[in-house]
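As given, the protein sequences belong to chains E and C, one line each in that order.
First residue of the first sequence: 1, per the working numbering; consecutive thereafter.
First residue of the second sequence: 1, per the working numbering; consecutive thereafter.
It is possible that part of the hints are untrue.
To be verified - Here are the simulated lysine-lysine pairs, DSS-like style, with alpha carbons at most 30 Å apart: (1) E:K24 <-> E:K2; (2) E:K10 <-> C:K73; (3) C:K104 <-> E:K10; (4) C:K25 <-> E:K24; (5) C:K104 <-> C:K73; (6) C:K104 <-> E:K2; (7) C:K25 <-> C:K104; (8) C:K25 <-> E:K28; (9) E:K10 <-> E:K24; (10) E:K12 <-> C:K104; (11) E:K12 <-> C:K25; (12) C:K25 <-> E:K2; (13) C:K107 <-> C:K25; (14) C:K73 <-> E:K28; (15) C:K25 <-> C:K73; (16) E:K10 <-> C:K25; (17) E:K12 <-> E:K28; (18) E:K12 <-> C:K107; (19) C:K73 <-> C:K107.
Please keep in mind that the hints were generated in silico from the structure rather than gathered at the bench.
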Amino acid sequence: MKITALINDKGKPRVVEQEMHVHKITGKRQEVDE
Amino acid sequence: MAVDSPDWTRPVWMPESEALASGTKFYYSTTAEVPATSYGEIDVATIAAGRRLELSFAAVSCEVSGIQRLRIKDDTFAFLDVWYDISKLVNIPYQMIYPVEATKTLKVQLYNYDAVARDVYIILNGVESYI
C-alpha cells in the first residue's frame, strides 16, 4: 500500500510517499485485579 | 515500570479517571521490531457482543528515533492519528476515551518510514464493560 504523509522529522515537516508493508505484532493482555 | 519492559523504556503512570467505566480492567504491553518502511499493527482486542471497550491510556517508547506516526483505530474509525518523532516516551492523552463497539477490533498502528528497523515498546490500559 502506497502512503503519502506529512511527518515530523526531527522537528521539521517532511512529505513522504512510499510503499508501506504491514507487519503484525502480538502482545500480552493482562487483567488487573481490583 | 511495566513487567517485561526493555531497559530503555521510561516509567509510566496510570492516572485514575472518573470517566472510566466499571468493568474488567486490563493492560496490554508488547515489545516488537517494526521493519523498515512498514507499519506494525497490533490487534489489541476484539470486543465480544454486548460489551464495549474503553481505552484510557497509552504510551509508546522507542529505543532510538524512528517511529514517526501512531494511529489508534478500530475496523471503522480512527480515534487518533498523530505524527511524532518518537525517540522518547510518548504519552497519549488519558483523558480521552476511545470507545470500541462490540465485534470491532481495537488496533494500534506504528509507522516506520525509515530504511532501518526500529524497536518499540507500547503499553495501554483499557476497560471492557457491559453495554
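For this session: Would you mind confirming whether the straight-line C-alpha gap from K104 of chain C to K73 of chain C stays at or under 30 Å?
Result: Holds - the C-alpha atoms of K73 of chain C and K104 of chain C are around 10 Å apart, at most 30 Å.
Problem set entry | Proposed proximity, K25 of chain C with K12 of chain E (alpha carbon, max 30 Å) | Violated, at about 39 Å.
For this session: Take the C-alpha atoms of K25 of chain C and K73 of chain C, compute the straight-line distance between them, and say whether it is at most 30 Å.
Result: Within the cut-off at roughly 19 Å; holds.
Exercise. Given the hint that K25 of chain C pairs with K2 of chain E, does the C-alpha gap stay at or below 30 Å?
Worked result: Not OK: K25 of chain C and K2 of chain E at ~37 Å, beyond 30 Å, violated.
For this session: Assess, step by step, whether the Cα of K25 of chain C is no farther than 30 Å from the Cα of K24 of chain E, and give holds or violated.
Result: holds (24 Å)
Exercise. Given the hint that K107 of chain C pairs with K25 of chain C, does the C-alpha gap stay at or below 30 Å?
Worked result: holds (18 Å)
For this session: Please work out if K73 of chain C and K28 of chain E have their alpha carbons no farther apart than 30 Å.
Result: It holds: about 19 Å lies between the C-alpha atoms, which stays within 30 Å.
For this session: Assess, step by step, whether the Cα of K25 of chain C is no farther than 30 Å from the Cα of K104 of chain C, and give holds or violated.
Result: holds (18 Å)
Exercise. Are the Cα positions of K12 of chain E and K104 of chain C separated by 30 Å at most?
Worked result: violated (36 Å)
Exercise. Regarding the pair K10 of chain E and K25 of chain C, is the alpha-carbon distance no greater than 30 Å?
Worked result: With Cα atoms ~36 Å apart, K10 of chain E and K25 of chain C exceed 30 Å; violated.
For this session: Verify the proposed pairing of K10 of chain E with K73 of chain C, using a straight-line Cα cut of 30 Å.
Result: Holds, at roughly 25 Å.
For this session: Quickly compare the C-alpha distance for K25 of chain C and K28 of chain E to 30 Å and report which way the hint goes.
Result: holds (14 Å)
The structure shown violates the earlier hints numbered 3, 10, 11, 12, 16, 17.
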